[in-house]
Every structure is written in C-alpha cells, then in structure tokens.
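Trainee: Take a look at the letters that make up each chain.
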Amino acid sequence: MKKAADDLADLGRFSEPALLILVSLADAPKHGHAMTRDIEAVSGQKLGPGTLYGAITRLEERGWIEPLPVDDRRRPYRLSSEGRRVLRARLNAMRAVVRVGRTRLAEL
Amino acid sequence: MTVRAIALAIVRRYPKPWRDRYEGEVSALIEDSDVRVRDLGELVRGLVTERTRELLSDDVRPKRTAAVLNWMPAIFIALLTAAAAGAGLMLRVLANPLPPVAGVTVLALVNLTGVVVYTLLVLRGRRNPQARQWPAWLTAVVVSSWFGLTVLIAWGGISNLFSSDLQGWARMLQCWVWAVLLMEMATKIVPGRQMLQALTDLNYAEEQIQMNEAWVRSCHEWIAKGVPSPLAQAESQVERYARERDDARERLARLSYRARFRGREAT
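Just so you know, the protein sequences line up as chains A and B, in that order.
Under the working numbering, the first residue of the first sequence carries the number 25, and numbering increases by one thereafter.
Under the working numbering, the first residue of the second sequence carries the number 84, and numbering increases by one thereafter.
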C-alpha cells in the first residue's frame, strides 16, 4: 500500500495534478475540459493545458487511467483498477497525515 | 496574435508521437477554455519536457541524442553571447558609448581575473590532481567574464576589435582565449556529459563489434579453405567490444536513458 503512494510521488512535479485528476475521474469518466472544471470546483486550482496533459500522459503510460473513444475531438478518460488502487493508497496515506496533524494541533 | 493562437502554435512544436496522440484533444481544450499568459509558460515547459523525454527514449539509435548533447555547449555559448551583445547594444542606444578609459580598465580587470583563475587552477591541479577540473566558482567566473567582455565590445568601450594594428590583434586574441575557455568549460559542465560519453562509447563499441564480426566470418571462410587465420584473436576482439558495449548500456541505464536498442542482442 505504501508502494502505491510512492508510485504517485514518483511523478515529480506532476504528482499533485495527477492526484487531482485521479480524484476527478473517481466518480465518472471525463474529458480534459470537464476535468479542469471539476478540479477547479473541488480544489480551487485551475490546471493549465500543459500541466493537465503532462499529468495525463504520465498517468496513461502507467496504466492508471484509460482513454475512451473520442467524442467530437474530446477524449474522455476513466480510472483503471490499478489507478483506483493507487488513489486509495494515497488517500489513506493523506488521511493518516491529516489525523496526526489534527491531533497535534488540538494538543497546542 | 492571440494568446490562444500562440498556445496552439506551441502545441504544434511538441514531438510528433505526442502530437499524434494528444494534439487533437489539447487543441480542443485550448479552444474551449480561457487561456492565460501563464498557461503559455506552462506549455513551453511541457514542450521542453516532452522534447527531452523523446530524446531520452529514442528507439532507433542513440546517435541523435549524442548529436544534440554535442551541440549543447555551442548553443549555450551562442545564447550567452547573443544575450550579452543585446545588452551591450541596448546600453549603446540608451547611453553614450562607454569611454575608452573605462572600457580599457574593465578589460584589464577581466584579463587580470583570467590570469588569477588560471594560476589558481594550476596550483589547485598540482595540489590535488583528483580535484574536479571545473568547480562551480570557476564556471561563474568564466561565464560572467565572457558576458562582461561581450557587453563591453557591443557597448563600444572596446573599439576597433577587428582593426589590423597590434592592439586589434591583441583584442582578437584575448577574445579567442576567453572563447576557448568558455567552450572548454561548457563541455565539462554541460548536463548529460556523462551520457554523451556513454553514448559515444556505445556507438564506437557497436561499430567495432560489426567490424570484428566481419573479421570472424572471413577467418571462418579462410579456415574452411585450409588457410590459417587468427580466429581466436578476432573472437576475443568481438568479446572485448561486447563487454564495452554492455558497460556503456549499463551506464546509460543508470543515467535514465531508456532507448530500446535494436540489433541481435537488443535488451
């Protein structure tokens, strides 16, 4: 489980955009524009096309997301089972950090 | 030209395999959304990254990567010189040309720096032969001196650079010395120097293997005809270069070069 979280960290500067993309695709397949709007609504961050497709390229290479047939030049992507596992592992790791952080803040 | 048009133009500069796969959807995204100026920077950064990735995963032969790495020092120096010349010309337009006295003083300082650097380098080499030949401080000195020298020339503080008198020749000579120093430094500090060396070794080893395999084949032919031939020597040469090739591949793998080498013994 720890390894999966590390896998996401291996994406370097794309690790955070990649996490946001995985979260965005967790409920349903989306194309680039829909992902950008969803990520902006969820996190307040607007991913530019360079960052978005830099992360998509790497996620697709690792088999964590899968392309679906093109619909009017817009290609939707969906989360693969491996991508779901990686996302779950990363969220669990983050939950542990949040729990510790909250506990320590409460102690102050 | 709008920001959107510039963004689309940048996307068209991405490597072809990437464009074949993503250009349509990225273009659609750019057309659908509000593209900001900062997105252009991001696209340029992506362009550099994808071009580098393409270079490092060339699946044909590593010669193109070696050629690009080989040209990097010259490109770096050309860009640095152009930037310095631009700065000098701008100063010339905005302010008066640099007075000759000031120019000569700065020039003397630059050359004095060169002498001090060279002396320190020689002393350092004698004290510790294993020391890194081009430490970071030396790089900073050489780069800034070359930059300063070029600015001065463009600004007009050093006039008659190309005159035929003795001073003109002396100026040309010192420019040449600094350019050689800069080139030497650039070849030492350029990113990918180790990769370039490994690629060169790999290409050389592969060429040698081909040559020596041909020698082995001809030895077999001669032996079949009853003529004595140095087969063992030819085979040992093939083995030797095969070891060098494998060593170069191993070094390349450590440096994250992911080429899928073609050939009979492709890895």
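Derived from the structure by calculation, the hints contain no laboratory data.
We put the beta carbon where it would ideally sit given N, CA and C, even for glycine.
Check before you lean on any hint, since a few could be wrong.
In silico EDC-like pairs for lysine to aspartate or glutamate, Cα to Cα no more than 20 Å straight-line [stated by the list, open to error]:
| id | chain 1 | residue 1 | chain 2 | residue 2 |
| --- | --- | --- | --- | --- |
| 1 | A | Lys-70 | B | Glu-327 |
| 2 | A | Lys-54 | B | Glu-318 |
| 3 | B | Lys-308 | B | Glu-322 |
| 4 | A | Lys-70 | B | Glu-296 |
| 5 | B | Lys-308 | B | Glu-296 |
| 6 | A | Lys-54 | B | Asp-117 |
| 7 | A | Lys-54 | A | Asp-95 |
| 8 | B | Lys-99 | A | Glu-64 |
| 9 | A | Lys-70 | B | Asp-329 |
| 10 | A | Lys-54 | B | Glu-106 |
Estimated spans, in silico, between C-beta atoms of each pair [to be verified]:
| id | chain 1 | residue 1 | chain 2 | residue 2 | range |
| --- | --- | --- | --- | --- | --- |
| 11 | B | Tyr-201 | A | Gly-125 | 21 to 31 Å |
| 12 | A | Pro-53 | B | Leu-177 | 56 to 66 Å |
| 13 | B | Arg-323 | A | Arg-102 | 45 to 55 Å |
| 14 | A | Ala-120 | B | Ala-223 | 39 to 49 Å |
| 15 | B | Arg-134 | A | Ala-65 | 43 to 53 Å |
Trainee: Go ahead and decide if the range 43 to 53 Å is satisfied by the Cβ distance of B/Arg-134 to A/Ala-65.
Mentor: violated, 33 Å
Trainee: Is the distance from the Cβ of A/Pro-53 to the Cβ of B/Leu-177 consistent with 56 to 66 Å?
Mentor: Holds - the Cβ-Cβ distance for A/Pro-53 and B/Leu-177, about 57 Å, lies within 56 to 66 Å.
Trainee: Does B/Glu-322 lie within 20 Å of B/Lys-308 when you go C-alpha to C-alpha?
Mentor: Distance ~25 Å between B/Lys-308 and B/Glu-322 Cα, so the pair is violated.
Trainee: Hinted pair, alpha-carbon criterion (20 Å max): B/Lys-99, A/Glu-64. Please report holds or violated.
Mentor: violated, 30 Å
Trainee: For the pair supplied as a hint, A/Lys-54 and B/Asp-117, is the alpha-carbon distance within the 20 Å limit?
Mentor: holds, 19 Å
Trainee: Tell me if the straight-line CA distance from A/Lys-54 to B/Glu-106 falls inside 20 Å.
Mentor: holds, 17 Å
Trainee: For the pair supplied as a hint, B/Lys-308 and B/Glu-296, confirm whether the alpha-carbon distance does not exceed 20 Å.
Mentor: holds, 19 Å
Trainee: Could you grab the alpha-carbon distance between A/Lys-70 and B/Asp-329 and see if it respects the 20 Å cut-off?
Mentor: Answer violated: A/Lys-70 to B/Asp-329 is near 46 Å, above 20 Å.
Trainee: Between B/Tyr-201 and A/Gly-125, does the C-beta distance stay in 21 to 31 Å?
Mentor: Roughly 56 Å apart at Cβ, these two residues miss the hinted range, so it is violated.
Trainee: Is the Cα-Cα distance between A/Lys-54 and A/Asp-95 20 Å or less?
Mentor: The hint holds at about 11 Å.
Trainee: Starting from the hint 39 to 49 Å, judge whether the C-beta atoms of A/Ala-120 and B/Ala-223 obey it.
Mentor: holds, 44 Å
Trainee: Would you check the hint for A/Lys-70 and B/Glu-327, treating anything up to 20 Å between C-alpha atoms as holding?
Mentor: violated, 50 Å
In the structure shown, a violation is registered for the earlier hints numbered 1, 2, 3, 4, 8, 9, 11, 15, in ascending order.
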